[in-house]
Every structure is written in C-alpha cells, then in structure tokens.
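**Student:** Residues per chain are reported as follows:
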Amino acid sequence: MRVALFVTCLADLMKPGVAFAAIRLLEHGGCTVEVPQAQTCCGQPAYNSGDRATAIALARKVLDEFEGFDYVVAPSGSCGGMVRAHYPELFRDDPATLKRIEGLASRTYELTDFLVNVLKLESVPGDFKGTVTYHDSCSGLRELNVKAQPRALLALLPGVTLTEMNEAETCCGFGGTFSLKFGEVSTQLADNKCGHACATGADAIVGGDLGCLLNIEGRLRRRGDLKSQVLHIAEVLAGETEG
Amino acid sequence: MELRSNEFKARAAANLGNEKLQKGLGLIKVKAVVNRANAVAEFGDFETLREAGKEIRNRALADLDLYLERFEREATARGAVVHWAENASEACRIVVDIAKQNGVKTAAKSKSMVSEEVGLNDALIEAGIEPIETDLGEYILQINDAEPPSHIVMPVIHKTAEDVADLFHAKHGTPRKTDPAALTREAREILRPKFLSADMGVSGANFLIAETGSTLIVTNEGNGRLCTTLPRLHVAITGIEKVVATLEDVSTLLRLLPRSATGQAITNYVSLHTGPKRLEETDGPQQFHIVLVDNGRSKLLAGEMREMLRCIRCGACMNHCPVYQAVGGHAYGWVYPGPMGNILTPSYVGLENAVALPNAATMCNQCGVVCPVKIPLPDLMRKLREEQMVRGLKPWTERAGLALWGWAAQRPALYALGTRIAVRFMKWLGGSEKLIHRLPLASGWSDGRDFPAPAGRTFRELYKERRT
Amino acid sequence: MSTRENILGRVRDALKRKVSPQDTASIDAHIAAHPLGMQPLRDWEPELRFRARAEALASTVEKVASLQSVPGAVARYLVVNNLPTGGICWPSLRKLDWIGAGLGMEDRPARGDDLVGVTGCFCAVAETGTLMFLSGPDTPAAASLLPETHIAIVEAARIVPFMEDAWALLRAERGSLPRAVNFVSGPSRTADIEQTVTMGAHGPYRVHIILVG
Chain A
-18 MRVALFVTCL ADLMKPGVAF AAIRLLEHGG CTVEVPQAQT CCGQPAYNSG DRATAIALAR
42 KVLDEFEGFD YVVAPSGSCG GMVRAHYPEL FRDDPATLKR IEGLASRTYE LTDFLVNVLK
102 LESVPGDFKG TVTYHDSCSG LRELNVKAQP RALLALLPGV TLTEMNEAET CCGFGGTFSL
162 KFGEVSTQLA DNKCGHACAT GADAIVGGDL GCLLNIEGRL RRRGDLKSQV LHIAEVLAGE
222 TEG
Chain B
3 MELRSNEFKA RAAANLGNEK LQKGLGLIKV KAVVNRANAV AEFGDFETLR EAGKEIRNRA
63 LADLDLYLER FEREATARGA VVHWAENASE ACRIVVDIAK QNGVKTAAKS KSMVSEEVGL
123 NDALIEAGIE PIETDLGEYI LQINDAEPPS HIVMPVIHKT AEDVADLFHA KHGTPRKTDP
183 AALTREAREI LRPKFLSADM GVSGANFLIA ETGSTLIVTN EGNGRLCTTL PRLHVAITGI
243 EKVVATLEDV STLLRLLPRS ATGQAITNYV SLHTGPKRLE ETDGPQQFHI VLVDNGRSKL
303 LAGEMREMLR CIRCGACMNH CPVYQAVGGH AYGWVYPGPM GNILTPSYVG LENAVALPNA
363 ATMCNQCGVV CPVKIPLPDL MRKLREEQMV RGLKPWTERA GLALWGWAAQ RPALYALGTR
423 IAVRFMKWLG GSEKLIHRLP LASGWSDGRD FPAPAGRTFR ELYKERRT
Chain C
3 MSTRENILGR VRDALKRKVS PQDTASIDAH IAAHPLGMQP LRDWEPELRF RARAEALAST
63 VEKVASLQSV PGAVARYLVV NNLPTGGICW PSLRKLDWIG AGLGMEDRPA RGDDLVGVTG
123 CFCAVAETGT LMFLSGPDTP AAASLLPETH IAIVEAARIV PFMEDAWALL RAERGSLPRA
183 VNFVSGPSRT ADIEQTVTMG AHGPYRVHII LVG
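Residue numbers (the working numbering), protein chains in the order written: chain A, -18 to 224; chain B, 3 to 470; chain C, 3 to 215.
By construction, these hints were calculated from the structure, which means they are not laboratory data.
None of these values were measured; they are calculated from a predicted model.
The reader is advised that the hints may include incorrect statements.
[Unchecked claim] Not everything, but these chain B residues come out facing chain A in the computed CB check (under 10 Å):
#	residue
1	Arg387
2	Glu388
3	Ala418
4	Ala424
5	Ala444
6	Ser448
7	Arg459
Quick reminder that beta carbons are idealized off the backbone N, C-alpha and C, glycines included.
Throw the hints in and build the complete structure from the sequences for me.
**Tutor:** Encoded structure:
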C-alpha cells in the first residue's frame, strides 16, 4: 500500500529524526512510503488564528499533493486532526471540493492510530529501555481518539515500563500561537505538566506531537532539568532517537 | 459590572503569582472536576444524555419566538406579569420601577448572573433601594465592597476561609472564626431577619417552561426559596434564551445541570414558580414579575454564535479549562469567565472590547467535551478570531507574520529555502548547549522556556540526500 | 413598536420567518405530547432506591405502618436528637394526635424562629431521593424551609421512579401547577467557602423522612 508521509512542519524543521522514525515504522509495517516534496504545512496555525483564506489555500495544496495515495499518515495528532476534523468545515460551501476533502480526511491518520488500527503492528523495531510517561496531546486525544494506541505500541517494547502521570490528558499549554501571545500562562501550564511528568520519575516523557514536546522540553530545561529525555513516540518505537 | 476584558493579558499574568487565588483554583481540580467525573460515571450513558440536552435546547431555540409567546401567555394566565427588556438599562429600569411603585426599601436577591450582567445592584442602590445578596458567596462579595464574582457557580472560589474569617470579623464585629460551618451559620443568622423583612425578592431563572408559564431555579442553600416565598414581591430576571418547551424537557436538563456544575445528581432545591400567591395561601408573593432580557441574545441567534445560546450556565467549561484553572475568573474582566466568557463577553460587549478573550485558549477542547449541551466552544472561539481578522482587530504584527508565513507556505521552493536558513540560524543561536534562551520575535515563548535548538538541517534536505 | 415586538421581531428575523406565524402547530404538538427525554436505566426498586438516595443526601429515613403512628415517630426522633418537642405543622396534618404523643404542633404559617416543621409531601422521586411539595393553603411552602428541623411524611405508595412520573401524577390529580413546586433533596447546604460542604445554609439543618405504608 502506498502511504504518503505528512512530515509536519515542526518535524521538518526541528526534529527530522521523527519523520525518519515514522518512515521506518511504516516500512516495517509493509508500506511503500512516499514523501511529497512540495509539502509545507497543513494550515492549522492560520486556521486557529482566524486566517481562513490562508487555511483554505493550504488545505487545497495538501489535497492536491496527497489525494492520490492510499493513506496519508502524520506523526502528529494536531496535523492529523486538522485534516480529519477541520478540513471538511473549511469547504462546507464548496460541495465539489468537499467531496474530495472528505475522501482525503477519511484516509488520513495519526501515526500511532495508523500503526495499530490499519497496519495492526505486532512488533516494532525499537529497543528503548527505561521507564516512560506518556503525555496525551489534546488534538490527538479529543479529535482522533488517540489514547490506547500509543500505549499498545509501547507495550510491544519489552524494555519499556510505562508509568502514567497525573493529569496526562490536561493541555501542556502549547496551543500554537497561544504560547507566544500568552507566554506567562502558557509557561505555567507547561510547568504544571513538567511537575506531573517528573513526579513519575520516568527516564523519558513521550508524546505524539512535537508542538507539545518542544514546549515541555523547553520548560524542563529552563527548570534546570537537563537529564530527562523528551521523545516523540515514533523515535521510541523506531529506535532512531538521533537525527 | 465594570468591563475590564481588554486587560486580560496583564491581569492573567498577575494572577499566576497570587498564592491565595491559586489555592482556591487548585481545589477545582480536586473537587469540582473529580465530583463531576464521579457523577457522570455513576449516571451511565452520559453521552446520550448530553445529546438529548442539546436537542432540547436546539428545539427551543429553533422556535424561540413561539415558545416565548407561549410562555408569556401561560405565565400571564396564572397572574404573573411579563416584562421585556431590550438591554441592561431597560432591564434595570423595569425592576426599579416595580420596586418604586410598590414602596420597596429592601430587596433580597438570590444568585442571578443576568442581574450581574445588567448591573442591577447599582441601579437599585441609585434608586435608594437596598439590595441584599443572600447566596453565601455573593453575600461575601457584596460586603467586600461589591467585589465581582470570579465563577458563575462558585463566586468566591478565589477566597480562602481565612479571607472570609477576616472579612466577617471586620464587617460583622464578631469574634474571628475560620471554620466554614461556623462562618456559614454567622451569615445565616445575619441574613435571616433580612429575608423576613425584605419587601421584594429578586431571583434569576435557570429555565422558563413554556408549557406552564413557570420559572425554575436550582439552589443548594435555600436562599432562592426564601427570596421567592417570603417577600411580598418576586421579580425573576433572566435571558430570553432560557425557555424550554415542557416539564419533561426540563427534567432531562436537570439531570445534566447539577452533575456538570458540582457533581450532584440533583441540587438540594429545585423550585418552579407559576404565578403569584393564590387565594387563601399563607405564603408566597402578592405580585410575580418576570423580566425577559435580550441584551444581545437575539443578535446571537442570527449569527454563527447561535449554539452558545444553548448554554445552561453550569460552569463545567471553566472548571475544566486549563487557562481558567491557572488565572481565575477575574482576569476575564466581565460577568462570564472561562471558555463561555471567551464567547459571550465579546458577543455581548463588542469584540473590540474583549480582543484577547477569543484567543485566550489553547483550543484543547476540554471544555467542549464536558459541555452538557455540546456547545463546540473552541469552534466558536475560532469563528470570533476569524471575525477579528476580517475586522482588523488583530495586532499588525500578528497579521503581518501570518501573511508572510502563509504566503511562503504556498510557495514550496521559497519555503524550503527560508526554512533551511531558519534552522541554521536557530542552530547557531542554540550554541553548544543546544538551547535557545531567547527566541527572536517570540519572546513570549522563551521568557519562561529554553527552546531546544534544531540540528541545523531540515528533514527534506536530509531525506533528499539519503534517497539519492 | 414596543420592546416586546422589537425583540420578537429580531428573533423572527434570525429564524428567517417571513411573517409572524399564526400557526403554532409545531410547538403545540410537542407541548401536548410532552415526550419523555432520556432517563437513566432503572435497575432498582423505587422505595429502596429512594431510601438509599435520601440517606446519601444526608436525610434520615424511617418507616411506620400507618399515619396514626406518625406522631409517636416524630416524638421519638425529636427526643433522641435532643430537639424541641414543639413546632409547626401543615394545616393538612392538624388532625393527627400530636398532643397524645407529647408534642405541641401548631398548624399555623411558619415564622423565622420556628425550630421544627412537620409536613407531608405530594410525592417522592426515587431516582434522586427527592421530596416534591406543592404549595397551597393547607400545604404552605415555608413550613419545609424556615425551621431548622424539617420532618416530612411520605406515603410509601407515592414514591415514583422518576421526576417525569411526578409530573404525570401532578397532571392527573391537579391538572395544573400550583404557585410553587419545590423539590427538596436533603438538608440545605453550601460549599461556597473552599468547596467545603456545610449543612444548614439558609434552610433546614436536618431533614427526617417518615415513610408510611
């Protein structure tokens, strides 16, 4: 099956290793992975900032680039949620495009959801050893129902022990441009998240969205914690934690 | 209430360091949130109940004119007097006129957010009528120089028992006590004679029932019952959107409201009032007036915010909002805090007067999934952001940044070049620590966080190399 | 144009009605049918559920065989709890033998300083452990509200499963609503100070329910 990787702009810029890890996992599951080279961004920053015109333009761009594949997979609940839960609303007054968009949305998956519910992976290539705690990112959790999937995948790694943190489902305070506009409040929420995560004593804080992970890592480091790892679930599962 | 919503950012930041406030807010997570979760689990199929609640409210709004007319006809037939108020000042004038015509000197009030919205207390005081707040929380606020509430259900969530102890000691001149039960008893003893002597009772209405022309209030303290039973006049003031069709409809909503608000299966008291005192009755008001307030609601019905009119004022959205939990209600600067306020405040007072509020959310949708009538709160906030964009109400820096980024993101070659430069620059900024202590153009992010610097090359660069 | 017409006009515009409809059939039919909404699963027997729920809401419950046994039960409750043996009762209860039980119950309107109030009730709702009161000349609302102790007499046969069943009973027996319908679920309470639940905010500190039947 031909799967297009939606790299996500944050993985492209900040953590290329996440995208390579995603490719490795998809190939491990038997997919032929392609990376459309003209892709940029799903348009969520524009959409959530009220810039509907730009969001629509970028959604059309994504549609053109990704429409021809069996599946589209993103290592992010946020971008996946944008396509699945919000793209159709952008084209509610354009029936012809809406039909195509709905098709695309139905074939678009968040990475762990795809690995568990479409590929039904029974093994992963990673060899991570240690205790981890999992942060449930809001979009993945509440728009795509991603909750059990990453935990099921972590359970495939014999060296991993999952210790749940308190308030795992509470927002880390990132919220895209919210973290810039309301820096103090955003930092406070990130601090709460760090507190709960660190209280588990886990070696690594793992999540499925780079926006949250950069936010959490950023606050951890400012708090003086240079030791705790902050990892994308794809890196843990694929064993490629460098990149 | 004085409108201070445009000060959100500064007041929110200040509240983060307010220890007493943070103590009160901390209780929400361990009490209100936990109690709701338990009550929802105990009920069983709460999702179907939420859907039913949404349908009931939608049905009422879809024929709002007809239900209001039916309500008015039934209420009038039972001897109530129905008044219509266009806005806050008209609502106040109606209540003041009723009071003056009947020689009212004191008015005992049970909690009503609409009365806060229209500023009724100030209007009564100006007319020489003494309003007495009787809900314990509202009473505490009133004797604290008419401080505004910080939550729609738990108005003094920002105060500790120590604060109340100091306040009662100072204002009542009684020995200082900190036990909540003793403080509650003290307030009861001070308020009881005021109930008995008040000329007028003022209440809100959680629902209006078209079938019977009844107003309905839910309370736990019993002050709502006292206000509507003892004084010779009862004035209920509420919004036009509160109408529902039948007693059965309201029964369904009553399964949602207290569970969502406080985790109770039912409030201590649910009271329906249908007309004034009947022949030979020994208690009840001689006159019953119902003031139906528009104040922007009909405008909401016409627009994209219509779904907000389903709101039954439970407060679950704020209890579950990480931003509200961090900054408290006063930061929102008007009557309705939290996610509901992010929509209602700009809708009622003007988007330009509450510019920050629709943006003051991470869009985590914790509010949307707990809302008992399934209001898609983040979607409505986003629509207000769109309106801000169209009306030029966003700062030029944000508009320029978005425009530049959006323009580039639609031009892949240019975008690739730009991102290549950006990640190299960021790598350099990170230095040997690989942490950026100060992000250019994004200091809001880096004031409290160190940005993990990228490795210096984009995925697409590396991917191209590896595949060729 | 009056404010009323302005508001209703804007509502009609918002709902895209061209003319003020004379035909209200759409809402009349719904109101006439008053269909049941969502009720929780009923996997309980009403009286047991009512008792369990009422006790969970901090009411106390006992059961006696007949109405004649009520004054004795009231007297025992008041004595055991060290409460005054006099107070007020609904006029509808004046014929019970209060004096024979050693109680001084006056069938007059409640005052602010009355300490004990004895009432009947219209019916009780099992789902939530709730008492339903209808105001009237013989069943004044203040009797269940002003005294610190409220004792309510409930015919066991009038415990209905859900609030909707109470409305059905009300429609069947009375046809229309009295001035006040009060649903009471336990003693008055507040949690305004530090979310600490405290009994006896403005209404009764304690509610004692005597089931009859």
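**Student:** So, for every hint listed, does it hold in this structure?
**Tutor:** Hint-by-hint comparison with the structure:
{"no.": "1", "hint": "Arg387", "result": "holds, 3 Å"}
{"no.": "2", "hint": "Glu388", "result": "holds, 4 Å"}
{"no.": "3", "hint": "Ala418", "result": "holds, 8 Å"}
{"no.": "4", "hint": "Ala424", "result": "holds, 7 Å"}
{"no.": "5", "hint": "Ala444", "result": "holds, 5 Å"}
{"no.": "6", "hint": "Ser448", "result": "holds, 8 Å"}
{"no.": "7", "hint": "Arg459", "result": "holds, 7 Å"}
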